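Engineer: Each protein sequence line maps, in turn, to chains A and B. Under numbering that gives the first Met the number 0, the first residue of the first sequence carries the number 0, and numbering increases by one thereafter. Under numbering that gives the first Met the number 0, the first residue of the second sequence carries the number 0, and numbering increases by one thereafter.
Among the clues, some could well be false.
So the derived label-pair ranges between C-beta atoms look like this [as the list claims (entries may be wrong)]:
| id | chain 1 | residue 1 | chain 2 | residue 2 | range |
| --- | --- | --- | --- | --- | --- |
| 1 | A | E236 | B | G80 | 26 to 34 Å |
| 2 | A | A217 | B | D52 | 13 to 21 Å |
| 3 | B | I136 | A | A110 | 27 to 35 Å |
| 4 | B | P278 | A | G268 | 36 to 44 Å |
| 5 | A | P102 | B | S118 | 34 to 42 Å |
| 6 | A | L235 | B | D119 | 49 to 57 Å |
| 7 | A | K244 | B | I136 | 53 to 61 Å |
| 8 | B | P279 | A | A110 | 41 to 49 Å |
| 9 | A | S204 | B | A270 | 20 to 28 Å |
| 10 | B | A132 | A | E75 | 38 to 46 Å |
| 11 | A | K233 | B | G184 | 55 to 63 Å |
| 12 | A | S232 | B | G80 | 27 to 35 Å |
Every beta carbon over 10 Å from chain A, so not counted as near; a handful from chain B, in silico [to be verified]:
| id | residue |
| --- | --- |
| 13 | V51 |
| 14 | A87 |
| 15 | R151 |
| 16 | D169 |
| 17 | L185 |
| 18 | V188 |
| 19 | Q199 |
Derived list of chain A stretches under chain B, where covered just means 3 residues or more per stretch with a C-beta under 8 Å from a C-beta of chain B [as the list claims (entries may be wrong)]:
| id | region |
| --- | --- |
| 20 | 163–175 |
| 21 | 213–220 |
In case anyone wonders, no lab produced these hints; they're calculated from the structure. Being a predicted model, the structure only gives us computed values, none of them experimental. Every residue gets a Cβ at the ideal spot worked out from N, C-alpha and C, and that includes glycine.
Okay, here's what each chain looks like letter by letter:
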Amino acid sequence: MNIAFLGLHKTGKTTYAVGVYAGMSNRIYSSLELVKVTESVATLNAGLVRLSRRLTVRRTDTEETETVGLQVRTAEGELHELRVPDRSGEALRGTRNSRGWDPDLLEELGAADALVLFIRPGGVRPGEPVAELAAIVPPTSDAGGDVKDEEERPWAPAMMPTDVSMVDALQELSQASGREVFPVAVVVSAWDEVKDLTPTQWLHSRVPLLAQYLDANAHRFPSAIFGVSVQGSKFLEPKDDEEAKAMKVEIDATEPDPWDRATCVDADGSEVELVAPLVWAIRAGG
Amino acid sequence: MAEIEHQVEDASAEQDGSPGEAESHEEQSETVLLRGPDLLTPEEGSRIAAAVDTRLAIWAGERDSGKTTLTAQLYERHRTGQANTVFAGSETLLGFEERIHPSRLESGRLTPRTIRTESDPEERELLHLAVRAEGDIENILLADIPGELFRRMRDYELEVSDVPLLTHADKLAVVVDGALIADHGLRSVAVNFARQFIAQLKNSNLPAEKMDVLLLLTKLDLVLSADASALSYWEEREDSLLSSLREFSPSAEALRTAARGLPSPDDGMNALMEWLLRPPPEPPESDVRVEEAPSTRIQRIRAPKTAP
Chain A
0 MNIAFLGLHK TGKTTYAVGV YAGMSNRIYS SLELVKVTES VATLNAGLVR
50 LSRRLTVRRT DTEETETVGL QVRTAEGELH ELRVPDRSGE ALRGTRNSRG
100 WDPDLLEELG AADALVLFIR PGGVRPGEPV AELAAIVPPT SDAGGDVKDE
150 EERPWAPAMM PTDVSMVDAL QELSQASGRE VFPVAVVVSA WDEVKDLTPT
200 QWLHSRVPLL AQYLDANAHR FPSAIFGVSV QGSKFLEPKD DEEAKAMKVE
250 IDATEPDPWD RATCVDADGS EVELVAPLVW AIRAGG
Chain B
0 MAEIEHQVED ASAEQDGSPG EAESHEEQSE TVLLRGPDLL TPEEGSRIAA
50 AVDTRLAIWA GERDSGKTTL TAQLYERHRT GQANTVFAGS ETLLGFEERI
100 HPSRLESGRL TPRTIRTESD PEERELLHLA VRAEGDIENI LLADIPGELF
150 RRMRDYELEV SDVPLLTHAD KLAVVVDGAL IADHGLRSVA VNFARQFIAQ
200 LKNSNLPAEK MDVLLLLTKL DLVLSADASA LSYWEEREDS LLSSLREFSP
250 SAEALRTAAR GLPSPDDGMN ALMEWLLRPP PEPPESDVRV EEAPSTRIQR
300 IRAPKTAP
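Isolated chain B, as found in the complex:
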């Protein structure tokens, strides 16, 4: 990151002064830039991972299933003093701020909204959050991957291996949209889509033994505020989906979250952070590699591993 931030660039596009106020070209060329709201590329994420112990987490869910809200609220709960961990920094501070903005009064809105994640041509898909838990600083990279990619995987238009980040995830959560579970007409579709995605995982070459895997119901508040059938419907399907997911990763767990609204001890967000901070499984001995140079690790996250 350092060389990226310190690169000497013409910052005139960032200045809000009129042309008459513009500095000379020579002065502009010396402007030291600050980080903007851009997310990190895999290369930039890898530089962090090469420097400090870092977990890469991926929410695998379809469009509007609440993935970005989860990510933004994990940050915002530190800012509102509601988290059980201590905020220790972020390489994407403004990225979080931009994502949380439609949930703040400053946006002019009366109801919160989260910006929709679209594909980034530069593959800027990673948010960084450092937190202190039990005395140690832990670094998490949260992938903000468009839901469209997961829709295409579920429809067999894409292979799981076509998304390199998935191969390198330490934490993988299969997200089920609680808003769909609360809807009589769509709940079966949500369950079916999750089952299809889990099937894709089971057929993939993803290194499940090196990942923590989670079945995650989002928007629990909508499920609880719907009629009583919504929760009982989910309870029955959750067991079944979890059994299926455990065929991919035997240690898979289930969790329910309500990221939006006034925080409560039962909203699952602190439990989600605890899951993120838990050390991922140790890779099997045969897979332990000699310490790699940072440049090699950059390539590992960016591109799928080649077959041995």
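Here chain A stands alone, though its shape is the one from the complex:
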């Protein structure tokens, strides 16, 4: 079974993969058990070293895509061969901006039985209307009036709000792949940054076009929503491995293991296992 992670840059795809693999290695989940590793997990283990030191797991844009291959067993006893390519969000960003599919990304997504779509709350481009600013700063104030038409920043696909970018990706994927049904597990990463909302409420309030699109197209994109926090708080962000190695980070003696620190909630905010999005994708895509 092929499961593809889809998301723009720094949306938590690799961090989630690291957290899930570490948890499965330590057999802490009842809903998904690791039977064996079928392809290299070097990137995930390197990521775990960073998570243990409270450093962010961030793959570089230039790194080769590494496909994680695992044999897993569900709580019902079903065995599945999982293949999850770990690809930089740069491929999706380039596809969106150039309006030409990255061939490898398209092949990978087209072969997927289910998608896990990542969105990070702090990285959402909301696309605010000018009216909201005008209500605070009238254009006739000392701000000096509005910009001239020729000074207006010209539109480009890169300016699309996050929800529009995600709808665009799903629409185009549906069209290019010719697939009629594409299960989508939506993962809102860095969930610890969100207060007083369930994942469903967050999706409808912060990325409403995507929420509506998934609702209206449930026959084509059956979906489930989760809030995931692998880090649990903000970590230091080394720009590369060299800087990461050189960083001296004090870790408290009471620091939990990374897999115990990670949390996941379902659409209504009830706590579930970190693997819940994967388990949902396996069931929906199987």
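With the hints as your guide, set chain B onto chain A.
Structural biologist: Same frame as chain A, now just chain B:
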């Protein structure tokens, strides 16, 4: 649409890499393109109409009367969670985004603007919006026709029948610019222009019995924020214009909208969407045709019907 989007093209013009980064010609030729901000041609619109039940809506109004803003805001209100309907997709998603851009902070502007619609040499004039209302997915094609065409119709430089899309409209709104109604010196001109256009409609062969027709005042916020005479002026003329429009289409209605600014229940935009979603009148029995092949329907929207 599918064959258009999947056609194999050289996408090098779309890539932002330097020549040194350019892929080989063979690799470029295999690039699968995504939809850009282009609107749909009548042929592409007809393919949608052939596949799913679709309404073609036309705002008939002069330059700067707010037609594109209406269209863009019908989309944007879904994105801001203000619509009563649920966004279900769009074949022209980036077309909407390009049109709404000058109304977003990202544009660098302090006051919203809508890009002006110019004639498209390829007749790319249709935006597509699919919404879910009461459980059903409804498809709407919104024509983004330059106001200049309507000015020419009003001045008798063009016949209504010279604009083929009008013949096939399911929804036709005669747009009156609220900014002109708010202006003492221009309000009579706005009313007069609307009356002249309605006269053109009445003299045309448009199939009024198959259309929903609306008298639509835009920029209501400007009318309300002007002196009290603006609203009373419009109220008097609205009745008169509507009576005239009902000579063309007896079921014609009137509506007022304020598409821009912070949404409110009284801005008329949800009422406008309800009007768009209402099933158009059934054609008279004598006009019911045997189901046509998609290619025939494409020709119907693109070209005016020939006289029987």
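Engineer: So which hints don't hold here, by number, going up?
Structural biologist: Checked against the structure, the only hint that fails is number 14, while the rest are satisfied.
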